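A.B. asks: Sequence lines, in order, name chains W and V. Using full-length UniProt numbering, read the first sequence as starting at 1 and increasing by one per residue. Using full-length UniProt numbering, read the second sequence as starting at 1 and increasing by one per residue.
By construction, these hints were calculated from the structure, which means they are not laboratory data. As the structure is a prediction and not an experimental result, all values here were calculated from the model. Note that the Cβ used here is the ideal one computed from N, Cα and C, for glycine as well. Worth double-checking, as some hints may not be accurate.
Partial selection, computed: residues in chain W whose CB lies under 10 Å from chain V [unchecked claim]:
no., residue
1, A22
2, F205
3, M234
4, R244
5, V247
6, E461
7, D465
8, A795
9, V799
The lines below spell out each chain.
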Amino acid sequence: MSVKAFELVPAVERDLLMGDKARINIECIECCGKHLYMGTNDCFIHHFLLDEVTSSKGKLTYSAQKLLHKYLGLKKPVAELRAASALERLIVLCDGIVFLVDMVTLETVPSAAGGGAKIRGVTAFCVNENPVNGDPFCVEMGVISSKKRTVQIYMVYEDRVQLVKEVTTPEQPCAVSVDGYFLCLALATQYMILNYNTGASQDLFPYNSEDRRPIVKRIGREEFLLAAPGGLGMFANAEGVSQRAPVNWSESVIGAAVSFPYVVALDESFITIHSMLDQQLKQTLSFRDGHILQDFEGKVILASTKAVYVLVPLPLERQIQDLLASHRVEEALILTEGAQQNIPKDKFQILHKRILQQAGFIQFGQLQFLEAKEHFRKGQLDVRELISLYPLLLPASSSFTRCHPPLHEFADLNHLAQGDQEKVLRFKKFLISYLGEVRSTEVANGCREDVDTALLKLYAEQDHDSLLDLLASDNACLLADSVPWLEKYHKYFALGLLYHYNSQDSAALQLWIRVVDADLQDSTRSGLYEYIVDFLCSCSNPDLVWKYADWALAKDPTIGVHIFTKRPVSKDVTELNPEDAITYLGKHSQALLLFLEHLVLERKIKKEKFHTHLAVLYLERVLSLLSEAPADEERLTRARERLQALLRESNLYRAQFLLGKMENCEQLLLERATLHGKLEENDKALHILVHKLKDFSSAEAFCVWASSCRDSAYQQQLFHLLLEVYLDRNLPGKSQAAAGGGELEMAAVDLLNRHGEVFDAVRVLRMLPEGWSLQLLRPFLGRAVRASMHAGRTAQIAVGLAQSENLQLLHDRLKDRKKPIFVSEKKGCHLCHNTFSEPDVVCLPGGAPVHTHCVAQRVRDSPTKRQLTNSSNHT
Amino acid sequence: MPEVSKMKKPDVKLVLLGDMNVGKTSLLHRYTERKFKDTVSTVGGAFFLKQWGPYNISIWDTAGREQFHGLGSMYCRGAAAVILTYDVSNWQSLAELEERFLSLTDTANQDCIYALVGNKADLTDPRAQLSQDSDEASKDRMDCGEERTETQVLSACPTPPASPASLSGITLGKQVTPEDAMALYGRILRYKGLEEKSSLPAEKMCFETSAKTGYNVDNLFEALFDLVLPSILRNKNENQQSPTVDLEECRGAKRGRPGCC
Ligand SMILES: Nc1nc2c(ncn2[C@@H]2O[C@H](COP(=O)(O)OP(=O)(O)OP(=O)(O)O)[C@@H](O)[C@H]2O)c(=O)[nH]1
Ligand SMILES: [Mg+2]
C-alpha cells in the first residue's frame with residue numbers, strides 16, 4: 001500500500017567526488033541554487049554545479065560539474081556548511097571552530113580590523129531563517145559551545161561575526177534550531193523552547209540524547225519537528241504545543257525534513273515518507289549507508305558517505321491519480337486538500353473539483369451512493385457525465401460529450417454492473433434520487449432538458465409514481481425524445497400530460513380518448529373519463545371543446561355536460577356563448593336540460609329564451625310521461641313538481657305560449673292555474689282551482705303566492721275574489737249538488753277563520769248569506785272586532801301624541817319670540833355647518849338657527865315628516 | 001525552505017488520557033465514526049477535528065504506553081478538558097490515572113475541566129450491553145439521572161457482584177465502582193487545589209461508557225463540548241489580542257513598520 005510520492009535521483013556520483021580514494025567520506029552538504037558544496041572528512045570543501053536535465057520522456061536527471069575543491073588546512077572533518085548567499089560566504093564548522101569562506105574562491109576570509117571572523121569551541125550551530133532583525137546583509141546564527149551551558153546568538157557579516165546575545169540553559173544543549181526569537185533546543189534529557197529575547201522557556205518533552213541522536217528541525221514559522229522517544233517524529237510550535245499528530249518513524253532516524261505534505265526521514269537503510277495530513281506511511285525507499293538528509297530551498301538532498309542524491313517529488317496530480325487508480329479515495333482527497341496552500345487558487349479549484357468528481361465515480365462504481373453523491377455535489381459534477389453512463393437516457397439532441405481525460409473507467413451501466421440486474425436497478429434508483437434532488441438546483445443549469453428528459457425516462461421505465469408529478473409541474477422534458485419512450489412503457493396518460501405541457505392539447509385528448517375507449521391500455525389514472533371532462537371544462541380553446549364534447553356527452557351526458565356547466569369563471573378560460581352551447585347540445589336532450597337548468601336555476605340568468613325553453617322542456621317531459629301507459633307515477637310527480645316550481649318562481653318565461661301548449665290538457669290544471677295567475681287572470685286561476693280541481697288549500701296557497709310581492713290592498717282583493725268564488729250562487733250545477741255547495745261554504749268559512757286579517761270585515765259581512773250562524777264565524781268575527789278596536793285605540797294615541805308635540809313646539813316658539821336670534825356670517829348652521837349669508841333662518845327646537853334649505857332637506861329625509869314651525873325673520 | 005502551511009487552528013482542545021488498552025482510541029472512533037473497530041495500540045498520539053456548530057474542537061487521542069508517557073504534558077498544554085479514561089473491569093487502570101497521568105495535566109489550562117470515564121462498561125453493566133444507535137443514545141441522555149442512582153444502589157452491595165466475564169473464565173482485574181471514580185474525582189480537585197463546592201460536581205463529571213456498544217459515548221463528548229464552550233469563546237476573544245500576535249506586532253515595530261505596541 002504505497003504512493004509514489006518521490007523519486008531518488010543521483011546527483012553527484014562517487015567517482016566524481018573522490019575517484020578511487022576509498023577513505024574519503026562526505027560529512028556535510030550545502031546547496032544554494034545550482035551550487036552544491038560538500039565537506040569531507042579529509043577537511044576539503046568541494047564545489048559543484050548541479051544542473052537539472054529533463055529528458056524528452058519527462059524524466060528528470062542531474063548532471064554535476066566539479067568547479068573547485070579546497071583544503072581547509074585543519075586535518076579534521078568538515079562538520080557543517082551553511083551558505084550566506086547575500087554575503088557570498090559559507091559558514092563552516094570544522095574542528096570546533098566556526099569561520100567564513102568565500103563562496104566562489106573557497107578562500108578563508110581573514111578577520112577584519114574591527115573584530116574576529118572566528119568562533120571557537122563550537123559543537124553545533126544553526127542559521128535563523130526567520131530572523132527578527134531584518135538586515136539583509138547579515139545572518140543570525142545560534143551557536144552551541146562545548147563547555148558552557150549556553151546558547152549564543154551571533155550576527156555574521158561579510159568579514160566578521162558579532163556576539164549579540166547569550167542565554168544559559170539548564171543542561172548542556174546538543175542540537176539547536178531557531179526561528180524568530182525562539183530557540184528550539186535538544187538538551188541532554190529533554191527538548192525545550194527558549195525565547196532568547198525574554199529568557200522565557202518551555203519544556204517540551206523528555207528525551208535521552210545519549211541513547212539516540214536528537215533531531216531539531218525547523219519546518220516553518222515557529223514550528224519544529226523533533227525526534228521523540230519510541231521513534232516518533234513530533235511536531236511542536238513555539239508555544240510548546242503540538243498542532244499535528246506525530247508520525248511514526250523507526251528508532252534510528254538520522255535526519256528528517258518536510259516537503260509538504262510529506263515528512264521525509266532517513267535511517268540506516270531506508271527513506272520513509274509520511275503524510276503530515278493523515279500521519280500514514282506513504283512510501284519507503286531503500287537507501288544504504290544513508291548519512292545526511294537535508295532540505296535546501298524546498299529541495300530534499302540526501303547523501304551516503306560517498307554520493308549525493310536528490311529526492312524529487314512527483315507532480316502532485318500524478319500522486320493523486322495514482323491514489324485514485326488504486327481506489328484510495330480518502331487519501332487522494334486529503335492529499336488534494338492538503339495542497340491547497342501550495343497551488344494557486346484557481347488552479348486548485350479546478351484540480352479539487354476534478355478529484356472530487358473522480359472520487360465520486362469510484363464510490364459510485366462501488367455502490368457507495370451516499371458518499372458518491374456528496375462528492376458529486378462538492379465537485380459540481382456536470383450531471384450529464386453521470387446520465388451518459390446510462391444508455392439511451394440522454395436525449396438524442398443533447399450536445400453533451402464526456403469530459404476528457406475521462407473521469408472514470410466505465411463504458412456504461414452494463415459494463416459497470418456486469419449483467420447483474422439487481423445492481424442495475426440500484427444504479428437506476430440512485431440516478432432517480434440524484435436527478436430528483438438536483439433538477440431544481442443550479443447543478444442543472446444549462447442542461448435542464450437533459451436532466452428532466454432522463455428523469456422522465458427513468459420514471460417511466462421504473463413505473464415510478466413521480467412521473468406524473470414531474471409532468472404536472474414545471475419541466476423541461478423534450479417531447480421528441482419522450483414520446484417514443486412513454487409509448488414504449490404504455491404511459492399514455494403521462495404522455496397526454498406532456499402533450500398538454502407542450503400546448504398540444506388536441507394530441508393529449510386524442511390519446512386519452514383512445515385509452516378510455518380501450519384502444520390503448522394504461523391504467524395509470526382511474527376515472528380518466530372524468531379527467532377528460534374536467535380537462536375540457538377548463539380548456540381555454542373553444543374549438544377543442546366543441547370538437548371533443550360530443551364524445552364526452554355521448555359517453556355520459558350527465559357528466560359530460562359538466563364541460564359546459566362547470567366551466568370556471570376566470571380570465572384564462574374563455575366564456576362559451578350559452579346560446580352556442582344550447583344549439584350544440586340540441587342533439588343531447590338530457591344534457592341540454594341539465595345545461596338549461598344550470599343557466600336558469602344555478603346561474604340565475606334572466607333571459608326569457610332560456611326560461612321558456614326550460615319550461616317547455618319540463619312540460620314536454622311531463623306530457624311524454626303522461627302519455628305513457630301505465631304512467632310512472634313517481635317520475636311524473638317529480639317532473640310536475642319541477643315544472644310547477646319553475647312556473648311559480650320564474651317571471652321570465654312566456655306564460656301565454658306555455659298556456660297554449662297545455663290548454664286542453666285537463667291533467668295539468670294546477671299548472672294552468674299558475675300560468676293564469678302569472679297572467680294576472682286570477683279569476684280564471686281560482687275558478688280552475690276551486691271548481692275544477694276542488695283543491696281549496698291550493699286555492700288559498702295561490703292567493704298567498706300570487707299576492708306575495710304585492711301590497712295589502714291587492715292581497716285583500718285576491719282573497720275577496722276567492723271568497724266570492726266560494727260563495728258564488730249563480731254557478732251552474734251548484735244548486736244541484738247540495739253537498740258540493742256545502743263544501744264550498746265550508747271552504748269559505750275556513751278561509752275567513754284562517755285568514756281573517758286580510759279581509760275587510762264590513763265587506764265580508766255584507767257578502768255573507770243571512771243564514772250563517774255566528775258560532776261558525778266566531779274566530780273570524782272575534783279577530784275582526786279586536787282588530788278594529790286596536791286600530792281605533794292606536795289612532796287615538798297618535799292623535800294625543802301629535803297634540804302634545806304641537807303644544808311643546810308652541811311653547812318653544814313663544815320662548816324664542818322673546819329674545820332675538822343672532823345670525824351672522826361668522827356663525828355656522830347647525831345642520832350643514834356653513835355660514836349664513838342671508839337673514840332668512842329657521843330655528844330648531846331649542847333655538848339653534850339653521851338654513852331654511854337645511855331644514856327642508858331634513859324634513860324630507862326624516863321618516864316621520866314632522867313639521868317644524870318657528871320660522872323667523874329676526875337678525 | 002518554503003513555509004509549511006499552518007493548520008486550521010482549532011478553537012479548543014480536548015485530551016484523552018489513560019493507561020494503554022483502556023479504550024481511548026475506541027471511544028474516539030465510536031464517537032467520530034460511529035462504530036467499534038479493531039485498534040492497534042496508539043503510537044505517539046493522534047487527533048481528530050470535530051466541527052461543533054461554528055467551532056473547531058480538536059480531540060487528542062494519546063498513547064497510553066509507558067514509552068510515550070513523556071509526551072503527555074505537551075499534549076495537555078493548553079487543554080480545556082482532559083478526559084481521564086480507565087477500564088471499569090480493571091482496578092489498576094484507575095490507580096494509574098492518579099499515579100501516572102494526573103501530573104501530566106499540570107500544563108493544561110487553569111480552568112481546565114476533568115472528566116473521569118470508565119470505559120468497557122459493557123463488561124460489568126448489563127444496560128451498557130445493548131448496542132445503541134444515536135436515537136437510543138439521546139433517550140439515554142434523558143434517563144441519565146435515573147440511571148446514576150440505580151447504579152449507586154446496585155453498587156451499594158457489600159461485595160461487588162461476580163463479574164460475568166470471570167464466570168465465563170476470563171480473569172479480569174478487580175472492578176471499579178462509580179464511587180471509586182467519584183472519590184478519585186474528589187482527590188483530583190484537591191490535587192488541583194480546587195474547592196469542591198465551586199467545581200463541577202462528581203456526578204456530572206464521572207461517566208461510564210462502552211465504546212463497544214456506544215453506551216453513553218455521545219453523551220460524554222457532547223456534555224464536554226457544552227462545558228468547554230465558555231473556554232472557546234474566551235479563546236476566540238484572546239486570539240484577537242493573543243501573545244503571539246503581540247510579538248509579531250513588536251517585531252514589526254522594530255522593522256519600522258507601523259506598529260502599535
Ligand atoms: N469490551 C470492550 N472492549 C473495549 C472497549 N473499548 C475498547 N475495547 C477493547 O480494548 C482494547 C484496547 O482499545 P484501544 O482503544 O486501542 O485502547 P487505547 O486506550 O487506545 O490504548 P493505547 O492506544 O495503547 O493507549 C481493544 O482490544 C478494544 O477492542 C469497550 O467499551 N468494551
Ligand atoms: Mg489508542
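A.B. asks: The structure should be examined with respect to each hint, and the outcome stated for every one.
C.D. replies: Now for the hints, and whether the structure bears them out:
| no. | hint | in the structure |
| --- | --- | --- |
| 1 | A22 | 34 Å, violated |
| 2 | F205 | 5 Å, holds |
| 3 | M234 | 7 Å, holds |
| 4 | R244 | 6 Å, holds |
| 5 | V247 | 8 Å, holds |
| 6 | E461 | 35 Å, violated |
| 7 | D465 | 29 Å, violated |
| 8 | A795 | 86 Å, violated |
| 9 | V799 | 88 Å, violated |
Checked against the numbered hints given earlier, this structure breaks hints 1, 6, 7, 8 and 9; the rest are met.
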